[in-house]
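Engineer: Each chain, letter by letter, is given below.
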Amino acid sequence: MDFDLTDDQHTIRKAVAELAGKFDDQYWMAKDRDHEFPTEFYDALASGGWLGITTPEEYGGHGFGITEASILIEEVAKSGGGMNAASAIHLSIFGMHPVIVHGSDELKQRTLPRIVNGDLHVCFGVTEPGAGLDTTRITTFAKRDGDHYVVNGRKVWISKAMESEKVLLLTRTTKFEDAAKKTDGLTLFLTDLDRDHVDIRPIPKMGRNAVSSNELFIDDLRIPVEDRVGEEGQGFRYILDGLNPERMLVAAEALGLGRVALDRAVRYGNEREVFGRPIGMNQGLQFPLADSLARLDAAELVLRKATWLYDNGKPCAREANTAKYLCADAGFQAADRALQTHGGMGYSEEYNVARYFREARLLKIAPLSQEMVLNYLGSHVLGLPRSY
Amino acid sequence: MRWELSAEQQEFQSVLRDWLARRCPSSRVRAWLDSGDPAEFEQDFAAEGWSAVGSPEALGGQGGDLIELALVAEELGRCAAPSSAWLGSVLAVPVLASTPDVAKELLADNVTTVPVVSCDGPPAGHALVESGHGITGSVRAVLGADRATRLLVPVRNSGFVLVDTESAGVVVRRRQPTDRSRSVADVELAAVQGTAVDAEVGVLADMASRAAVLISADALGVAERLLAMTVEYSLQRKQFGVPIGSFQAVKHAAAEMLVTVEAARSIVYMAAASVQAGHPEAALRAAAAKAQVTARVSALADTALTLHGAIGYTWEHDLQLYFKRAKLTERLFGSPSTWNERIATELALVP
Chain A
1 MDFDLTDDQH TIRKAVAELA GKFDDQYWMA KDRDHEFPTE FYDALASGGW LGITTPEEYG
61 GHGFGITEAS ILIEEVAKSG GGMNAASAIH LSIFGMHPVI VHGSDELKQR TLPRIVNGDL
121 HVCFGVTEPG AGLDTTRITT FAKRDGDHYV VNGRKVWISK AMESEKVLLL TRTTKFEDAA
181 KKTDGLTLFL TDLDRDHVDI RPIPKMGRNA VSSNELFIDD LRIPVEDRVG EEGQGFRYIL
241 DGLNPERMLV AAEALGLGRV ALDRAVRYGN EREVFGRPIG MNQGLQFPLA DSLARLDAAE
301 LVLRKATWLY DNGKPCAREA NTAKYLCADA GFQAADRALQ THGGMGYSEE YNVARYFREA
361 RLLKIAPLSQ EMVLNYLGSH VLGLPRSY
Chain B
1 MRWELSAEQQ EFQSVLRDWL ARRCPSSRVR AWLDSGDPAE FEQDFAAEGW SAVGSPEALG
61 GQGGDLIELA LVAEELGRCA APSSAWLGSV LAVPVLASTP DVAKELLADN VTTVPVVSCD
121 GPPAGHALVE SGHGITGSVR AVLGADRATR LLVPVRNSGF VLVDTESAGV VVRRRQPTDR
181 SRSVADVELA AVQGTAVDAE VGVLADMASR AAVLISADAL GVAERLLAMT VEYSLQRKQF
241 GVPIGSFQAV KHAAAEMLVT VEAARSIVYM AAASVQAGHP EAALRAAAAK AQVTARVSAL
301 ADTALTLHGA IGYTWEHDLQ LYFKRAKLTE RLFGSPSTWN ERIATELALV P
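Protein chains in written order, with full-length UniProt numbering: chain A, 1 to 388; chain B, 1 to 351.
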């Protein structure tokens, strides 16, 4: 077993930390407060070529694996940018995977280079109010009309839709009740988010406010056939391919967030004096932070294993799910403890840990809840009866 | 709302605690447990009149009610006394309401009488059947059955039957729980003859609530003792030149134990008063006590062991007596999940 990062991976970690480090706490505090997309940060990453880290070289990217992508996004979160920084680039980093694997060459030529140079913002349009994580139950319908499809329906919790030009949109082309298998009849598109036919409404929410989360009302949206990804009816399978890498990236984001929260807590524990000595001297504060360090380190190991498995073409669902579960848990716990270490100051915006806390909480819910991870492990790994 | 023990109850508690400190110190408890014969304690306890406290005078008791019984249980727990005969007997008393003579023999003359219900779960029963030839069947893990002179047997469709343990067809097989301060036995009956006892419908449900309260009170006493031992040890034991009690991690763990003790006290006496008063939510409160208190005290015992370090793991240290008692208490007459299930059925949840 070799636990070392490769030279490339070391370089990526260092370079991203340096670049992201140029955006300080004040920057992120203001973006979050003002609900403003971090364009300067996004542009800096794009001009550094980082958005194409996993995109194949023929489309202008670097062709690295999910291991490198996870290191990148972990550093971005860890810089203090947290989920605002990570969500700004998350989809560009790996979200185009179904397009890269299943899309036509024409579609790829048309879109991927623009993803890489940062010109094209994309969002992921899968979840619906009536379906939740029961994805095959979505009802947004794409009806074929000559060389177009006409789409009607609703989507919810679509990150970055406000800021996006295109959407990777999952629809049904055969109704659930008419499909031979429930996973049949879903079709994926990469298409323009035409504001004349899609009403986008941001959802007021607890945190990660620099990147919007939205409800989409789709009304007679016309999509040219060329925007279809792969074959009609195969969309669910295409999406499925990307779920494990997504879990790994989210795990890396949670990990980075936990690391920065822990760093801030340690700094404050050393600086802040009460009763004539640094508060970090109190076991009541020191032990929880030491415990969080141990938990973050353990969670990181599972994440590294998961990305290694994926990049080596081996089955990785168990590890991807476990990594998401453990990183989200350890990250949130570290943020909670960082807040506690700061006492009243932790509750103010001034010390940033309140922002980390709000963002870390999200990762116990998205992109799937901790409970759904346990469902997966319980039934698919342990072989217990499916409970839902 | 203000609720506290009356001056009389406080006085009683203090006198009993002093008496037990003198008559039931750990050196003697260990001797009784090692010999497997706690008769000396049982006789001493009864002769002093403690067994009759908490039962109606009309049945040969000294008056008082479930509050007084809970006070006794708490003190017995505090010194890990071999109290299974007492607990079995006080659970039997309400069943004997229609036969005061039998009750008097139990309470005044020390004729130990225990209900034949399994302590594997909440008291329930009527597993035994009566045919023309007598009562037949078996019940496993009956608390105090090996200490009893008489057995109060719930019989399917016909109330209770009082059976002498010496009667033909009665076999009582003693079992040894890890907690040696408790005694349980399997009871087998083959065509056994006895005397019918009239008992009201619902007496078993009431017995379940009373058992839940008294087991929880026992747990409270155990918890208080474990906390006192732990605090004392943390002040005496030094590491790195200071008492380990000066470390916050130790201090905070002990403070959590105190929270458990205080919460347990509130829950136990609230439940005792509710069951005694026949409050509409009495069964719910008794279940909450059994589920919450015994589970928390079991966790408290783990903390006590952790704070004692390796010495707490030794046979020579008294911690083991209380640790094992707390662990059995958690499961005696049903685990916390069993009692939580009872609570859940009372809530408006999806079945």
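Rather than coming from a laboratory, the hints here were simulated on the basis of the structure. Here a beta-carbon is modelled for each residue, glycine too, at the ideal position from N, C-alpha and C. Any given hint might turn out to be false.
Simulated restraints, written as ranges between beta carbons of each label pair [what the hints assert, rightly or not]:
hint, chain 1, residue 1, chain 2, residue 2, range
1, B, Asp37, A, Phe275, 53 to 63 Å
2, B, Ile311, A, Lys22, 21 to 31 Å
3, A, Phe275, B, Glu4, 52 to 62 Å
4, B, Arg237, A, Met281, 14 to 24 Å
5, B, Ile311, A, Ala298, 54 to 64 Å
6, B, Lys238, A, Glu273, 24 to 34 Å
7, A, Glu226, B, Ser337, 53 to 63 Å
8, A, Tyr388, B, Thr306, 51 to 61 Å
9, A, Ala17, B, Arg237, 26 to 36 Å
10, B, Asp120, A, Phe275, 14 to 24 Å
11, A, Gly48, B, Ser337, 53 to 63 Å
12, B, Asp302, A, Thr174, 55 to 65 Å
13, B, Gly121, A, Ala298, 51 to 61 Å
14, B, Gly278, A, Gly130, 43 to 53 Å
Residues on chain B that point at chain A, a partial pick, calculated with CB under 10 Å [stated by the list, open to error]:
hint, residue
15, Trp50
16, Gln248
17, Ala249
18, Val250
19, His252
Away from chain A, derived, C-beta distances all over 12 Å, residues of chain B [stated by the list, open to error]:
hint, residue
20, Trp19
21, Gly125
22, Ala310
23, Leu321
24, Glu341
Engineer: Hint by hint, say whether it matches the structure.
Structural biologist: We went through each hint and held it up to the structure:
{"no.": "1", "hint": "Asp37/B to Phe275/A: 53 to 63 Å", "result": "holds (56 Å)"}
{"no.": "2", "hint": "Ile311/B to Lys22/A: 21 to 31 Å", "result": "violated (57 Å)"}
{"no.": "3", "hint": "Phe275/A to Glu4/B: 52 to 62 Å", "result": "violated (36 Å)"}
{"no.": "4", "hint": "Arg237/B to Met281/A: 14 to 24 Å", "result": "holds (22 Å)"}
{"no.": "5", "hint": "Ile311/B to Ala298/A: 54 to 64 Å", "result": "violated (31 Å)"}
{"no.": "6", "hint": "Lys238/B to Glu273/A: 24 to 34 Å", "result": "holds (28 Å)"}
{"no.": "7", "hint": "Glu226/A to Ser337/B: 53 to 63 Å", "result": "holds (59 Å)"}
{"no.": "8", "hint": "Tyr388/A to Thr306/B: 51 to 61 Å", "result": "violated (38 Å)"}
{"no.": "9", "hint": "Ala17/A to Arg237/B: 26 to 36 Å", "result": "violated (46 Å)"}
{"no.": "10", "hint": "Asp120/B to Phe275/A: 14 to 24 Å", "result": "violated (52 Å)"}
{"no.": "11", "hint": "Gly48/A to Ser337/B: 53 to 63 Å", "result": "holds (56 Å)"}
{"no.": "12", "hint": "Asp302/B to Thr174/A: 55 to 65 Å", "result": "holds (57 Å)"}
{"no.": "13", "hint": "Gly121/B to Ala298/A: 51 to 61 Å", "result": "violated (39 Å)"}
{"no.": "14", "hint": "Gly278/B to Gly130/A: 43 to 53 Å", "result": "holds (49 Å)"}
{"no.": "15", "hint": "Trp50", "result": "violated (43 Å)"}
{"no.": "16", "hint": "Gln248", "result": "holds (4 Å)"}
{"no.": "17", "hint": "Ala249", "result": "holds (4 Å)"}
{"no.": "18", "hint": "Val250", "result": "holds (8 Å)"}
{"no.": "19", "hint": "His252", "result": "holds (6 Å)"}
{"no.": "20", "hint": "Trp19", "result": "holds (41 Å)"}
{"no.": "21", "hint": "Gly125", "result": "holds (33 Å)"}
{"no.": "22", "hint": "Ala310", "result": "holds (21 Å)"}
{"no.": "23", "hint": "Leu321", "result": "holds (30 Å)"}
{"no.": "24", "hint": "Glu341", "result": "holds (18 Å)"}
Hint compliance for this structure: hints 2, 3, 5, 8, 9, 10, 13, 15 are broken, all remaining hints hold.
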